[in-house]
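Residue numbers (our numbering), protein chains in the order written: chain Y, 1 to 260; chain R, 261 to 623.
In case anyone wonders, no lab produced these hints; they're calculated from the structure.
Keep in mind the model is a prediction, meaning the values are calculated, not measured.
Be aware that one or more of the hints could be misleading.
In silico DSS-like links for lysine-lysine, alpha-carbon gap of 27 angstroms or less [what the hints assert, rightly or not]:
(1) Y:Lys127 - R:Lys462
(2) R:Lys476 - Y:Lys127
(3) R:Lys476 - Y:Lys203
(4) R:Lys462 - R:Lys492
(5) Y:Lys203 - R:Lys590
(6) R:Lys462 - R:Lys476
(7) R:Lys492 - R:Lys476
(8) R:Lys457 - R:Lys434
(9) Y:Lys88 - Y:Lys229
(10) Y:Lys113 - R:Lys530
(11) Y:Lys33 - Y:Lys153
(12) R:Lys423 - R:Lys451
(13) R:Lys462 - R:Lys423
(14) Y:Lys229 - Y:Lys162
(15) R:Lys492 - R:Lys502
A few chain Y residues facing chain R, derived, Cβ under 8 angstroms [unchecked claim]:
(16) Ser111
(17) Pro119
(18) Ser227
Here chain R is said to cover these stretches of chain Y; the calculated rule only asks that three of the stretch's residues, wherever they fall, bring their Cβ under 8 angstroms from a Cβ of chain R [to be verified]:
(19) 25 to 37
(20) 172 to 179
(21) 211 to 219
By construction, the Cβ of each residue, glycine as well, lies at the ideal position given by its N, Cα and C atoms.
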Amino acid sequence: MEENLILITFGFYLVAALICVLLLWHKQHTLEKIGILCTIIAFILLNTVLVYHSLLAGRLPGSSLYEFLLLFAWGMSATYLFILIKYKLQSSGVFILPLIIAVLGCAALFSSKIQPLMPALQSPWLKFHVSVAMIGYSVFAVSFALALMYLLKVPVSISHHKSLDELIYGCNALGFSFLTFVLITGAIWAEEAWGTWWGWDPKETASLITWLVYGFYLHLRHTSLWSNKRGAIITCLGFFAVIFTLMGISLLVPGLHSYT
Amino acid sequence: MTDHKGETNSRTGLGWASLLGRLLTSIRVALLLFTIIALACLPGIFIPQGEDPSFYVHNYGGLAGSLITALDFDRVFDSTWFFVLCLLLFINLLACTIWRWQNFYRCVSKQPSFMAGLHFLGSPFIHTGLVLVLLGSFIGAFYSFEQYCEIDVPGHQAITIGKQRYELQAEGFKIEYHTDGSPSQYYTDLKLIKGGKNLSGKTISVNNPLSYQGIKVYQFNYGWLLDLTLEKDGQSRTIQVKDGDQLALNEEGSEILQLRFYPDWARDEKGRPISRTPQPNNPQLAFLRTSGGIPVDIGMLKPQESSGLADGLKITFSGYRNFTGLHVKKDPGVPLVFAGFVFLGCGIPLHYLVSGQRGKKGE
């Protein structure tokens, strides 16, 4: 049932993405509404998948790569709906929705079988660590989509008198805040579980690199040392670091975080 | 971290030391250090760390392998050059923190609104937090104590931390299992003793260490201890070995007995021995005896079973039991690191979430 639900969710996101692409050339109010409706239905379905999986597991999701990818897709959807409602930025769906589709597709490649929690994962810190990672990564995904729009000069009209650059900054600052909490909660947990708050595990190191990239961006932004275009390029680089930390490290490099 | 745009113009009259000082505290140097440290971490991810030099020569070729060890890419995070980079970042960060606190007092003295004051407090808090985290990690790198020990349960082991001698006494060990047979948690009833006096006692498990005045004892792993009796020419000796160990049967070390314990022995579809679960439902010991690297005897033993080998050696598998693997640590840097986390945890929401001049370029 879970696989079928993911497939239907996948379909709705795909339709929503195609509508967003169509809207770039052909603005039509009804089409806009259908696109938003598809996104909302897909989001509700994704919520259903997560609730169903949690009920089966008897715990909140987030202890395997499959579960985290579902959460990641959920976080991206929630952030996209937020900017859709607040800033009326439906064109960002051209980039955000394919990302959600890609993440859901990746999740479908992994087994949805519920594994019992290994001893190291039996900690209250798991919920905090995974939650802040999900929010941080999702916001970074949206900032990446906005940065692509900026670099490709996609025409946008944003409500609340915000520029695309300001939105990218807002997302990066929020994502950076949550990433900092990912590192803090991870360090406190590691101190209790592994006996070292920082052990240069590949995932820890990759997270530090990601943190440095976004830290670099925020310092540049505050001091006006580089142009907005370069800021957008660093935002894209930062998101590649996020994806590498999440997928690359989990699949390619053995370490303490290899919970696939 | 100040942005000295007029560095070249104001160089006249400044000593080199002053110039170096200004360079070290410049935001451009900070950004350069961010970049270099991020790049320096990459070999630490992609190249396996802490292996023998021959490993790198074997896997990466003669020239690349030698370069890896020469540049310390095989132990990036313990290398001197990486420490120097972190130290430079620390100096830069410290200067930046001082500057930000000065800036905060300047802003507060202009009597801004309460919310703006809170916002201005965010940045100094974040930077103070980072200074404390780096300082704590430096202290930890130089003064922390770590030791791994395996204790036969019930049993004890002495440890010396600094000039103090302690004793770890493991009085009980228990494993709990999930329904699929995988371990759900393992517990050790542990006491920390000094001079015969019980300092602290606790049932520790993964995520639940014993803690006493900065000393922490973690449940790290567990394994199997095997009791064997070897008899030859009327002489008998009882030995205790760890699962997976190799035992030298003669002084030259040419005769080796390799041992592998299967708590729940079975065969997989290719006929290879496996353990279905970690629980001792069908315990069996596999042994392989080699002479000069050539296998001469191979067999399986159940508990209390014996096997006679080629040259009159008789091996008896007397029994098995768990040992508990403990990780003992004392890191005086941890309180500073955690204090840094508190500053960071307060500073981040103050800086980014409390309304101020956020988002404006060139703030």
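Hint check:
no.: 1; hint: Y:Lys127 - R:Lys462; in the structure: holds (26 angstroms)
no.: 2; hint: R:Lys476 - Y:Lys127; in the structure: holds (24 angstroms)
no.: 3; hint: R:Lys476 - Y:Lys203; in the structure: holds (25 angstroms)
no.: 4; hint: R:Lys462 - R:Lys492; in the structure: violated (45 angstroms)
no.: 5; hint: Y:Lys203 - R:Lys590; in the structure: holds (25 angstroms)
no.: 6; hint: R:Lys462 - R:Lys476; in the structure: holds (12 angstroms)
no.: 7; hint: R:Lys492 - R:Lys476; in the structure: violated (45 angstroms)
no.: 8; hint: R:Lys457 - R:Lys434; in the structure: holds (25 angstroms)
no.: 9; hint: Y:Lys88 - Y:Lys229; in the structure: holds (23 angstroms)
no.: 10; hint: Y:Lys113 - R:Lys530; in the structure: holds (25 angstroms)
no.: 11; hint: Y:Lys33 - Y:Lys153; in the structure: holds (24 angstroms)
no.: 12; hint: R:Lys423 - R:Lys451; in the structure: holds (20 angstroms)
no.: 13; hint: R:Lys462 - R:Lys423; in the structure: holds (24 angstroms)
no.: 14; hint: Y:Lys229 - Y:Lys162; in the structure: holds (17 angstroms)
no.: 15; hint: R:Lys492 - R:Lys502; in the structure: holds (22 angstroms)
no.: 16; hint: Ser111; in the structure: violated (14 angstroms)
no.: 17; hint: Pro119; in the structure: holds (4 angstroms)
no.: 18; hint: Ser227; in the structure: violated (10 angstroms)
no.: 19; hint: 25 to 37; in the structure: violated (count 0)
no.: 20; hint: 172 to 179; in the structure: holds (count 4)
no.: 21; hint: 211 to 219; in the structure: holds (count 5)
This entry does not satisfy hints 4, 7, 16, 18, 19, going by the numbered hints stated previously.
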